[in-house]
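Whenever a hint applies, use it, and build me the whole structure from the sequences.
Okay, so the sequence shown: first residue is 1 according to this note's numbering, each after it adds one.
Source of the hints: derived by calculation from the structure; they are not laboratory data. Glycine included, each C-beta is placed from N, C-alpha and C at the ideal position. Check before you lean on any hint, since a few could be wrong.
As the list claims (entries may be wrong) - When the alpha-carbon atoms are kept at most 27 angstroms apart in a straight line, the in silico DSSO-like pairs for lysine-lysine are as follows:
| id | residue 1 | residue 2 |
| --- | --- | --- |
| 1 | K103 | K2 |
| 2 | K18 | K72 |
| 3 | K103 | K18 |
| 4 | K72 | K2 |
| 5 | K18 | K2 |
| 6 | K103 | K72 |
As the list claims (entries may be wrong) - Here are the in silico distance ranges between beta carbons for each label pair:
| id | residue 1 | residue 2 | range |
| --- | --- | --- | --- |
| 7 | T118 | G24 | 41 to 47 angstroms |
| 8 | D153 | E121 | 32 to 38 angstroms |
| 9 | G24 | E80 | 20 to 26 angstroms |
| 10 | Q26 | R47 | 16 to 22 angstroms |
| 11 | G117 | L149 | 19 to 25 angstroms |
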Amino acid sequence: MKVLVTGGGGFLGKAIVKLLLARGDQVRSFSRSAYPELDQLGVEQCRGELGDAEAVSRAVAGSDIVFHVAAKAGVWGPYEDFYRANVLGTRHVIAACRRHGVKRLVHTSSPSVVFDGTDMEGVDESVPYPDHFEAFYPQTKAEAEQLVLQANDDLLATVALRPHLIWGPED
1 MKVLVTGGGG
11 FLGKAIVKLL
21 LARGDQVRSF
31 SRSAYPELDQ
41 LGVEQCRGEL
51 GDAEAVSRAV
61 AGSDIVFHVA
71 AKAGVWGPYE
81 DFYRANVLGT
91 RHVIAACRRH
101 GVKRLVHTSS
111 PSVVFDGTDM
121 EGVDESVPYP
131 DHFEAFYPQT
141 KAEAEQLVLQ
151 ANDDLLATVA
161 LRPHLIWGPE
171 D
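Shown next, in the form of structure tokens:
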């Protein structure tokens with residue numbers, strides 16, 4: 001299978017890349033920078049910004065499935081930076097998937113998209129988004145998650161995952 005991993009040089013992205021390679025998949029990574037380790041693994045690397053629709057489209061072309069892992073994370077920074085990477089970038093990924101006939105999109109979201117500032121237990125997908133976000137990251141990730149879920153249809157199967165406290169080898 002031909003697979004694109006956005007953010008393939010990051011912690012989670014690289015773990016996904018290695019798993020896909022071990023399965024025998026043909027893997028391409030889309031990131032802002034080149035990663036020598038990915039070169040050593042034989043991964044095709046496409047460089048660009050999520051906010052650049054054409055760069056995203058070139059990376060998606062020829063893929064059977066896309067793992068959209070790349071994001072602007074953190075607590076500080078201008079709203080525009082978070083929006084461009086997390087919301088606009090996700091719009092570009094969805095549009096490119098549709099343009100190139102990709103059948104599946106796996107989006108990495110965050111549990112912070114439902115955090116309302118209170119202790120939370122037993123959280124599942126029925127918990128609503130809060131009325132107010134404490135930072136731009138969860139706000140833009142929530143908007144991106146909604147775009148991905150709304151894009152789900154017979155031509156493009158989508159899913160948004162909310163991994164929590166990711167750790168592992170090379171951490």
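Hints and how they fare:
no.	hint	result
1	K103 - K2	holds, 11 angstroms
2	K18 - K72	holds, 22 angstroms
3	K103 - K18	holds, 22 angstroms
4	K72 - K2	holds, 25 angstroms
5	K18 - K2	holds, 14 angstroms
6	K103 - K72	holds, 25 angstroms
7	T118 - G24: 41 to 47 angstroms	holds, 45 angstroms
8	D153 - E121: 32 to 38 angstroms	holds, 33 angstroms
9	G24 - E80: 20 to 26 angstroms	violated, 41 angstroms
10	Q26 - R47: 16 to 22 angstroms	holds, 18 angstroms
11	G117 - L149: 19 to 25 angstroms	holds, 23 angstroms
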